[in-house]
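Participant: What follows is the residue order along each chain.
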Amino acid sequence: MNVVGLDTVAELRPGIDRFRAVWKEARGDAPLPKIGLGRFVVVGKSAGEARAAARRAYKRWYESFSFLSSLMGFGHRHSRPAEFDAIAEDGRAFAGAPEGAAEYVQKQLAATGANYFVGQFAFGNLTQEETLHSIGLFANEVMTMLRRAPARAASA
Amino acid sequence: MEFGVFDHLDKNDLPLERFYRERLEIIEAYERAGFYAYHVAEHHLTPLGMAPSPSVFLAAVAQRTQRLRFGPMVYVAPLYHPLRLLEEIGMLDQMSGGRLDMAFGRGALPAEVRFFDVDPAAARSGASRSPSRRCRSRIRRSGTAFIRPRRPSAPRAPA
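Taken in order, these protein sequences are the chains called A and B. For what it's worth, our numbering labels the leading residue of the first sequence as 463, then goes sequentially. For what it's worth, our numbering labels the leading residue of the second sequence as 43, then goes sequentially.
Hints in this document: simulated from the structure, not taken from any laboratory. For glycine and all other residues, C-beta sits at the position ideal for the given N, C-alpha and C. Watch out, some of these pointers could steer you wrong.
Said to hold, decoys possible - Simulated pairs of lysine-lysine, DSSO-like, Cα-Cα distance not exceeding 30 Å: (1) Lys521/A / Lys53/B; (2) Lys53/B / Lys486/A; (3) Lys521/A / Lys569/A; (4) Lys53/B / Lys507/A; (5) Lys507/A / Lys569/A; (6) Lys486/A / Lys569/A; (7) Lys496/A / Lys569/A; (8) Lys521/A / Lys507/A; (9) Lys486/A / Lys496/A.
As the list claims (entries may be wrong) - Partial chain B-side listing against chain A, Cβ under 8 Å, derived: (10) Asp52; (11) Lys53; (12) Asp55; (13) Glu59; (14) Leu66; (15) Thr88; (16) Leu90; (17) Leu151.
Next up, chain A with everything else stripped away, as it sits in the complex (with noise of 0.2 Å):
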């Protein structure tokens, strides 16, 4: 059974980690489940470019996670803050070069103890080419240089 969490570290950590030793308990030595952290990924040739898309198209991403939420008068169980840099400085989300990036997922993954990355890369007001630009530069060069980084302890 693979899992997939979008919540900050601190809200997923416990639950990651119980879910490690009950799998430990039950199932021994057997491979891990994927154990998936979904984080908004922008990326750029540069730090600049990369954050000037994402707080725009954020914007509009909020504009429609608020909808239901500000019509109808009630709080979201899994709240996001209405501004990209508050979610970025959270660790929800990133926007930046590719070697930013690489550290960010390697971070991140390494503080939940996920061993899945998976990337929101098309969202609010992103165009089609921003967006295939920013995954281009993600496989070509982010997955790259993860892939070749020594695996973290707690991502085996």
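Starting from the known structure of chain A, fit chain B onto it as the hints suggest.
Facilitator: Leaving out everything else, chain B in the frame of chain A:
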């Protein structure tokens, strides 16, 4: 290490026909880039999720890709009759050559569950859409006969 994609399929400012067309092109790019799987959200009556019927969108994904795994994240189980969901899953599984990754949940927002006249509290307990005994019996009887016919059909003469 493997990498996946999560997509709310949230609405942007494009006409919807172009929005869906471009997103499917992006999903083709995920496959070319070597991603392991594409996971799409299910939401209702909100611009946050333009795949209120994930199976419909994923049927298109199945036809546009060859290797990429895909699935809902998640099917909001209380909103489906179990037989309907079973049939959709079976179709997607066959249409994709076994690339569907199933996932189920109660629904992130109680308000969306209420749109369907389903009580979120009942949904949490799993009681809202449990198939009746009669339904289970019909599924067993008809489904078994359908999938494993007792007698092979007689060969037809060429037209």
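Participant: Take the hints in turn and mark each one as holding or not.
Facilitator: Against the structure, the hints:
In summary, the hint linking Lys521/A to Lys53/B is supported, as the alpha carbons are separated by about 12 Å, within the 30 Å threshold. Pair hint Lys53/B plus Lys486/A does not hold up; C-alpha atoms about 41 Å apart against a cutoff of 30 Å. For the suggested pair Lys521/A and Lys569/A, the alpha carbons sit about 26 Å apart, so the restraint of at most 30 Å is met. Restraint check for Lys53/B and Lys507/A: the C-alpha separation of about 26 Å stays at or below 30 Å, so the hint holds.
In summary, the hint linking Lys507/A to Lys569/A is supported, as the alpha carbons are separated by about 21 Å, within the 30 Å threshold. The suggested pairing of Lys486/A with Lys569/A holds, with an alpha-carbon distance near 24 Å, which does not exceed 30 Å. The straight-line distance between the Cα atoms of Lys496/A and Lys569/A is roughly 17 Å, inside the 30 Å bound, and the hint therefore holds. Annotation: proposed proximity of Lys521/A to Lys507/A holds, straight-line Cα distance about 22 Å (limit 30 Å).
Simply put, Lys486/A and Lys496/A have alpha-carbon atoms about 14 Å apart, close enough for the 30 Å limit, and the pair holds. Against a cut-off of 8 Å between C-beta atoms, the interface hint on Asp52/B holds, since the closest Cβ of chain A lies about 4 Å away. Hint status for Lys53/B: holds, given a least beta-carbon distance of 6 Å to chain A, under 8 Å. Evaluation of the Asp55/B hint against chain A yields a held restraint, the C-beta minimum of about 6 Å falling below 8 Å.
Interface hint at Glu59/B: violated, since its Cβ lies 14 Å from the closest Cβ of chain A, which is beyond the 8 Å cut-off. For Leu66/B, the shortest C-beta to C-beta distance to chain A is roughly 11 Å, which exceeds 8 Å, and the interface hint is violated. The restraint placing Thr88/B at the interface with chain A holds, with a minimum CB-CB distance near 5 Å, inside the 8 Å limit. The interface hint given for Leu90/B is met, as the beta carbon of that residue sits about 4 Å from the closest beta carbon of chain A, less than 8 Å.
Restraint check, Leu151/B versus chain A: the minimum CB separation of about 7 Å is within 8 Å; hint holds.
Of the numbered hints stated above, those contradicted by the structure are hints 2, 13, 14, listed in ascending order.
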